[in-house]
Amino acid sequence: MRIPCPFCGPRGNEEFTYLGDASVQRPDPSAPAAAQAFHDYVYLRDNPSGLHQEFWYHGGGCHKWLVVTRNTRTHDINDVTFADGGARP
Amino acid sequence: MKYSVFSLLKEAFRGHTGWTPAWRKAEPKADYDVVIIGGGGHGLATAYYLATEHGITNVAVLEKGYIGSGNAGRNTTIIRSNYLLPGNEGFYEWSMKLWEGLEQSFNYNAMVSQRGVLNLYHSDQQRDAFARRGNAMRLHGVDAELLDREAVRRMVPFLDYDNARFPIHGGLLQRRGGTARHDAVVWGYARGADMRGVDIVENCEVTGFDIKDGRVTSIDTTRGTIRAKKVGLAVAGNTSRVGALAGLRLPIESHVLQAFVSEGIKPAIDHVVTFGAGHFYISQSDKGGLVFGGDIDGYNSYAWRGNLPTVEDVMEEGMAIWPGLGRIRMLRQWGGLMDMSMDGSPIIDRTPVGGLYLNCGWCYGGFKATPASGWCFAHLIARDELFSVAAALRLDRYATGALIDERGAGAQPNMH
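Heads up: the sequence lines are chains A and B, in that order. Take the position in the first sequence, starting the count at 1, then add 69; the result is the number in my numbering. Take the position in the second sequence, starting the count at 1, then add 1; the result is the number in my numbering.
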């Protein structure tokens with residue numbers, strides 16, 4: 070599997086470190102149901118069979134966090150963006 | 002038909018013309034007391050123990066493909082009970098005890114071979130950690146021996162003891178651990194369940210659940226709708242996908258784990274040996290092939306195949322303990338889908354949906370757990386209570402904080 074890094078170009082996945090689902094959002098700790106919301110945030114995952122948005126860190130290249138949209142059935146990568154939304158590292 | 006030396010002799014004298022299929026190809030009925038989804042080792046063991054231990058025989062096992070075509074047929078066949086934490090150790094030891102009487106119990110040769118599982122350690126710190134684990138095992142009445150370097154050398158003389166980076170200092174040995182024939186385990190449970198009236202329905206994929214007033218009433222499948230009083234989910238690898246059909250969102254990620262077999266060689270390695278500085282485990286099959294594996298690929302996957310960096314990593318780890326591996330050709334490799342749970346331990350529990358029970362999150366450890374998983378899941382489904390040794394394997398432990406995190410890695414499935 071090769072990941073097309075927006076800055077470095079296509080690189081082997083051994084250059085990257087995987088974190089996991091990029092769609093989960095850290096909840097507001099002061100909200101009334103924060104304990105339940107944090108449980109869901111920390112532990113529950115959609116774990117889709119198909120397109121999955123996920124964080125990868127390009128430690129062997131530009132040191133940027135990426136959001137990769139990848140098909141978990143085929144390992145095809147549809148989209149890669151910088152996690153911070155910027156255009157360049 | 003009961004298998005014995007007499008049935009073998011009788012068939013030998015009549016040209017082996019009298020053997021009958023070991024289980025029926027059942028058509029699904031419209032109504033069951035219990036439906037188990039997933040015809041792998043765990044699902045079939047559950048059906049078997051429902052019939053033998055609880056007298057519930059109006060049971061169907063639904064399998065999307067053919068039985069044993071998932072992870073039951075895609076593992077490295079190791080059985081052991083060398084865990085540290087109380088929530089796990091009692092459970093896996095229950096499994097080990099069931100393995101020891103399994104073949105007599107279901108009258109099928111599962112080729113259970115208690116050849117010993119040897120975990121190598123490579124530093125003083127790791128020796129201390131292994132001593133602690135061995136002591137924890139012995140406190141649970143499980144056999145464990147801490148071996149020094151020379152004792153290990155007598156058992157497996159061909160390893161690289163003086164590796165510059167990972168010298169072998171000794172090992173933790175569980176003599177009762179070993180291997181079993183994975184397909185035969187599936188077939189034995191299938192035959193045992195079928196003999197007692199369980200319907201094993203293959204090529205039957207579940208497409209939805211009918212849930213009324215918070216209780217599951219029937220299951221939609223590719224072979225029609227089936228009513229059921231209770232439904233057990235034993236579909237590790239696809240738990241999130243099938244669970245989502247019932248509205249469940251679970252603490253599971255699916256990951257691919259690769260395993261490898263070399264060409265057949267003469268008997269070389271008598272035990273199961275694991276590399277402590279990384280994650281590598283190797284044994285030799287009865288056909289002579291070396292069976293080995295390492296870490297999961299490390300990212301969500303339903304692809305049933307892995308990538309080359311992990312292959313390279315596994316081979317490097319193998320070479321680090323056994324340089325002779327470099328002269329042997331790798332023959333085959335395959336990938337299975339692991340239910341990686343958020344703390345690295347399994348779940349056998351009820352779900353928020355009435356009548357729907359969950360068996361999932363087996364991570365790397367599904368095969369060795371097969372008998373106890375079936376036993377405890379059957380107990381839960383039949384009596385609606387958790388069996389003693391599985392009392393900690395609850396779904397709500399993520400909310401209560403009673404996690405069972407052997408590795409201490411936190412809620413990061415690819416680190417367990």
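I should point out that these hints are in silico values taken from the structure, not numbers from a laboratory. A quick note: this is a predicted structure, and the numbers were derived from the prediction, not measured. Check before you lean on any hint, since a few could be wrong.
Said to hold, decoys possible - Using 25 Å as the maximum straight-line C-alpha spacing, the simulated DMTMM-like pairs for lysine to aspartate or glutamate come out as follows: (1) Lys213(B) with Asp115(A); (2) Lys65(B) with Glu206(B); (3) Lys288(B) with Asp397(B); (4) Lys230(B) with Asp397(B); (5) Lys98(B) with Glu313(B); (6) Lys65(B) with Asp115(A).
To be verified - Simulated coverage check for chain A against chain B, where a stretch passes if three residues somewhere in it have a Cβ under 8 Å from a Cβ of chain B: (7) 70-83; (8) 105-118; (9) 141-155.
Stated by the list, open to error - Over the 12 Å line for every Cβ pair with chain B, so calculated as not near, a few chain A residues: (10) Gly89; (11) His121; (12) Glu123; (13) Trp125; (14) Gly130; (15) Lys133.
Built from N, CA and C at the ideal position, the CB exists for glycine as well.
**Prompt:** Taking a Cβ-to-Cβ distance below 8 Å as contact, does the segment 141-155 of chain A have at least three residues touching chain B?
**Reply:** holds (count 4)
**Request:** Measure nothing beyond the straight line between the CA atoms of Lys98(B) and Glu313(B); if it is 25 Å or shorter, mark the hint as holding.
**Result:** 36 Å, violated
**Asked** Going straight from one Cα to the other, do Lys65(B) and Asp115(A) come out at no more than 25 Å?
**Response** 22 Å, holds
**Message:** A cut-off of 12 Å on Cβ-Cβ distance, and Gly89(A) was said to be off the interface with chain B. Does that hold?
**Reply:** Violated, since 7 Å does not exceed 12 Å.
**Message:** Closer than 8 Å Cβ to Cβ for three or more residues is the test here. Does the segment 70-83 of chain A pass it with chain B?
**Reply:** Since three or more residues must qualify, the claim that chain B covers the segment 70-83 of chain A holds, with 4 doing so at under 8 Å.
**Message:** Please verify whether Lys65(B) and Glu206(B) have alpha carbons no more than 25 Å apart.
**Reply:** Status holds; Cα separation ~4 Å.
**Request:** Report holds or violated for chain B covering the segment 105-118 of chain A, Cβ cut-off 8 Å, minimum 3 residues.
**Result:** holds (count 11)
**Non-interface label on His121(A), tested against every C-beta of chain B at 12 Å** = 5 Å, violated
**Request:** Take a quick look at whether Lys230(B) and Asp397(B) sit within 25 Å of each other, Cα to Cα.
**Result:** 23 Å, holds
**Item:** Proposed proximity, Asp397(B) with Lys288(B) (alpha carbon, max 25 Å)
**Value:** 44 Å, violated
**Request:** Find the nearest Cβ of chain B to the Cβ of Glu123(A) and say whether that gap is larger than 12 Å.
**Result:** 7 Å, violated
**Prompt:** Under the criterion that the straight-line Cα-Cα distance not exceed 25 Å, is the pair Lys213(B), Asp115(A) satisfied?
**Reply:** With Cα atoms ~24 Å apart, Lys213(B) and Asp115(A) stay inside 25 Å; holds.
Taken one by one, the earlier hints fail for this structure at numbers 3, 5, 10, 11, 12 and 13, listed in ascending order.
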